[in-house]
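Chemist: Chain by chain, the residues run as shown.
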Amino acid sequence: VPTGRILIVEDNELNRALYEAMLRPEGYELTMATTALEGLQLAESERPEVILMDIGLPVIDGLEATRRLRENPGNRSIRILAVSAHALEGDRQRAAAAGCDGFVSKPIHRATLLAEIRRQLERTS
Amino acid sequence: MSPSPSRSPYEAPKIATRVQEFGLEDAERRSLLRPAQVEGSAGRNALAGPRSGPQAPHGYGSSAPARPWGLDPMIGPTARSGITALLTGGLLLVLSGTLWALSPASSVGRLVAIGGVAGAAIVATLTYLSLLLASRNRERSSLTASNRAQDALLDSLLNAVDAGILVADGGGEILLANPSAARLFDPASGGVPIREWSRAYGVFQADGVTPCRPEDLPLARALEGEFVDSEDLFVRNPQALGGRWVAMSAKPLPLSPAGTARAVVVFHDITARRLAGDLAEAARLSSEAASQAKEEFLARMSHDLRTPMNAIIGFASLLAEGEPALSAEQARYAEYILSAGDELLTKIGNVLDLSNAAAGVTRLDYHSFDLIQALGDVRRSFQPVAERFSVAVRFTGETGACVITADELRIKRSLAELLANALKFSPRGGQVTLRLSRREPVGESPGDDRTRIRVTVEDQGNGVAEQDQERIFRGFEPGDTSYASLAQGGMGVGLALARSFVELHGGWVWLESEGVAGRGSRVHLEIPESPGSTVGPH
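Residue numbers (this note's numbering), protein chains in the order written: chain A, 199 to 323; chain B, -11 to 526.
I should point out that these hints are in silico values taken from the structure, not numbers from a laboratory. It is possible that part of the hints are untrue.
[Stated by the list, open to error] Computed list of lysine to aspartate or glutamate pairs in DMTMM-like fashion (alpha-carbon distance at most 25 Å, straight line):
1. B:K400 with A:D289
2. B:K282 with A:D259
3. B:K282 with A:E262
4. B:K400 with B:E428
[Said to hold, decoys possible] If you want a taste of the chain B side facing chain A, the calculated C-beta under 10 Å gives, among others:
5. D292
6. M297
7. L333
Note that the coordinates shown come from a computational prediction; the quantities given were computed from them, not determined experimentally. Positions of the beta carbon are idealized from the N, C-alpha and C atoms, including for glycine.
The shape of chain B in the complex, shown without the other chains:
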């Protein structure tokens, strides 16, 4: 896209406009522009004549071409006429003196000589005046030179800034527009009445679709004397077909010598920022919508799966209770249906809970409770199972109360899953130990100064080999659908659920085992004592 050497310098602004519409970075735009400017517009400036190129603003500045300093042509004619007058005067004086000397007294010759002297005097006066004028001109001319130097500085400044700067008068005439402004507001189409500006230049409100009312246009308001501070607007016109968002300010300027109102408009292109913001907003909305959709789906799923279970379990329990009266065998079958139904319902619950946690739609219900008491409740609820398995459940560690702030139901659920797992893999006559300990924050977990509570569930089973220690916390093994793996899968759901519930609290569940028969395994559940600042209530 680098311009060819033969490219006319007047094409540079077109490139600028196109590049900007493609949303390239300013640095890229500048680097693309530079060759064209260096090659074509060296020595040309934006303040030069109105038709020195589309980039130059309309009707601004003088069209005087640059001249070498020190040779002021304004001095020339006056000085030359002064020197001529001086020579003429001198010649007249010499001629008059000669005539006076040669002529007899009161002769015509003497009169002529007097006239010559007077003429010389007049010439001298003229010379003086012309020299005076020449010096005045020289002063004025050096003033013009310093003005021009300032103009050049101002010009390069206006060229350099990314902000669009535009001066217009009450008649809608664009008096100045730097290149950045000219990209959006074509100075060549100036003279549009202010009331027509919004429509003519395609100015919209920040939503990008509602036209900006003529009286709301910052320029129009500044022409009325108002100071407008950074208003977001959208501009879409033939020069910016994709449209640009701008932050526009406007201020009134002193009246023109002719007494018309003038105002300056300054704007920044904020399109990139706007688009980035829109993208972030869209991403946020879509993530919220996705989360809500997942939550709704899971709630519906939960309802749809549980509804028929209610009928299955309800009727089976009626039959099992002997209503109507059944034979012993029929009653036993009804018990089986009931038992399988309960198991199925629990599994449905587990899968849905796990899905909810994975989908990030689980809301923890934080409140303070005594963890030791909760552990006691869980232990009691497993008493019948433990007795059936002939396993003793023992509690050691902290005594008294251990108050934590967490979701009590979900923590109890997690503890129950850990205990169920330990009982399931304990040998008959074995022992399961529940141990509670406080872990002070010192050096334990950098960046987290909360006290953590650890519950360890220790069994005396065969333990878990190291390579399987993480697998048992996964609800299922992706890619592994062998029947053996599927059959074992049921074991993992409970532990996976416990881990995800505890993880939601900012804690973790993990297993420690040597994988040696009889040495069992230790499953640790560790949670912060309170949600603290890092994990707030959801």
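Chain A on its own, in the form it takes in the complex:
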């Protein structure tokens, strides 16, 4: 059973429940944040291995949150997966430019998500 601490930054309640349903059975330790600011605080306190960062967050979007997180060199080892509902062509490049390590587009397919998380965890170890 793979283990790992995952921080999920997602403002939509149903989508947070979906992550729970997809990831909890896999044995991951999940922490939920509903805003970018909360996500930044939890990233410092919980030291997750992977962050699932929704791009379309209100006030501070996921890309800006990623940039702020990357300003601290101590957070360099955290793998950040951008999650986008826009499916715009430029999103993938913008996420990479902001400092994300991977990209998942909504609607999320469980198999794709699990494979991407596993890939990121392998890279950290």
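With chain A fixed as given, assemble chain B onto it according to the hints.
Modeler: Just chain B now, kept in the frame of chain A:
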């Protein structure tokens, strides 16, 4: 607004000022002014006396009234005194000669006669001198006449030009102001110290609100010896309440005989141009803002519609995958939710894409790719559908590579919509043909010398009647909300999207069909090989 015959000529400049404030064209202004000038100011000129009307500049020129040429009154008095002296001298000489002849030698009579001759000589000298003076006067007077002719010419010139011309001295006294200048800078209120000019005459910087600093005033700088070249300023004062923008130049003039600095200011009214520019700028900004607002709205809409779809599709897929374990029937229902969810998501995407294209906020991502390979990708992605419908998809035409520069994803999307449409209307066991051809520019489309690539998707369905051939490319039919039309609407969105994507590339999608069952239809997609100069990357 034509002046009444009894109108005083002095009202003409008031009309001029008012007309100009209303922003009428110069030609109109002139035509409005002409009757008043003809009737009231014939023979009057702007260089005439300082109080010959408000239009006349202050303190400029002599007040000598016009006189008929050839009768120079300056000659008169001298000539008359010369003639009188000549007659007096002659009379004296005759009297002296008579006296000399009648008087005995060395008598008192002879002495008197000698005196008479001497008197005559003096008179003759005086006559000569007076005649000399008269001729000098005549010369000077003809010089004055030519000066006056020049003045008249200069005067009509100053009256005629639209540019404002103003001469002032270091004391702020306005020495000359032509009518155009007098409209903004009232000569009657001259004598304002130069330092006070900006405030007194209401001179502002080109932004229209920041007062022009006294030392920045072109006149002040020219009085200091500087040449000022065409600076935009704004003038608002009681004479121009609406304010006027002017392009103002100023140059120093030679010192006055009394040694005071003088400068000439020339300005053009650029208000109309300024306002036109402002309007164009405002239109540009508002169109940019509108476009940005539309883009933001559509992005938000896209996000808001897709977010709940993620939960619907995600949970349905978990259930369909058997987590938790469901009965066969429950699992089938979960599949239905999933399938409907996917369809809904695709439609949301289509509508948003179409809206983006219609709102002009779609940005094409141009790069070079092989169209034949792209067509192959699209064809493969439809393989399962084609098999389900028992329709064969065949490719003919160009072989090898056909590299074009376009937005690959959107071109693939367009091709997919065309192929989906063809499959949907193909009979079982039918065939869909994809054909690729190059269209050389010769005579095909005037004004465009680019090679165009055409992809034709041909099916064997019932075709489309001529009257419906354009309708199927519309996302919806305005004004037609019948249920039948709404039900058919779903068909059109894909084709409408394909057409709008291709149109963004400077190409077109259209349908050709006889509307005969079995003869099917041919949908053509044609795009320029590269964006070229007429359609650049957005």
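Chemist: Between K400 (chain B) and D289 (chain A), does the CA-CA distance stay at or below 25 Å?
Modeler: Holds, because 19 Å separates the two Cα atoms, which is no more than 25 Å.
Chemist: Measure nothing beyond the straight line between the CA atoms of K282 (chain B) and D259 (chain A); if it is 25 Å or shorter, mark the hint as holding.
Modeler: Measuring from Cα to Cα gives roughly 20 Å; hence the hint holds.
Chemist: Next item in the hint list is D292 (chain B). Is there a CB on chain A closer than 10 Å to its CB?
Modeler: 9 Å, holds
Chemist: Is the straight-line distance between the alpha-carbon of K282 (chain B) and that of E262 (chain A) 25 Å or less?
Modeler: 23 Å, holds
Chemist: Assess, step by step, whether the Cα of K400 (chain B) is no farther than 25 Å from the Cα of E428 (chain B), and give holds or violated.
Modeler: 23 Å, holds
Chemist: Does L333 (chain B) pass the interface hint, meaning its C-beta sits closer than 10 Å to a C-beta of chain A?
Modeler: With a minimum Cβ separation of about 7 Å from chain A (threshold 10 Å), the hint on L333 (chain B) holds.
Chemist: Using Cβ atoms only, decide whether M297 (chain B) comes closer than 10 Å to chain A, and label the hint accordingly.
Modeler: OK, holds: M297 (chain B) within 10 Å of chain A, min 6 Å.
Violation of the numbered hints given earlier is absent; every hint is satisfied by the structure.
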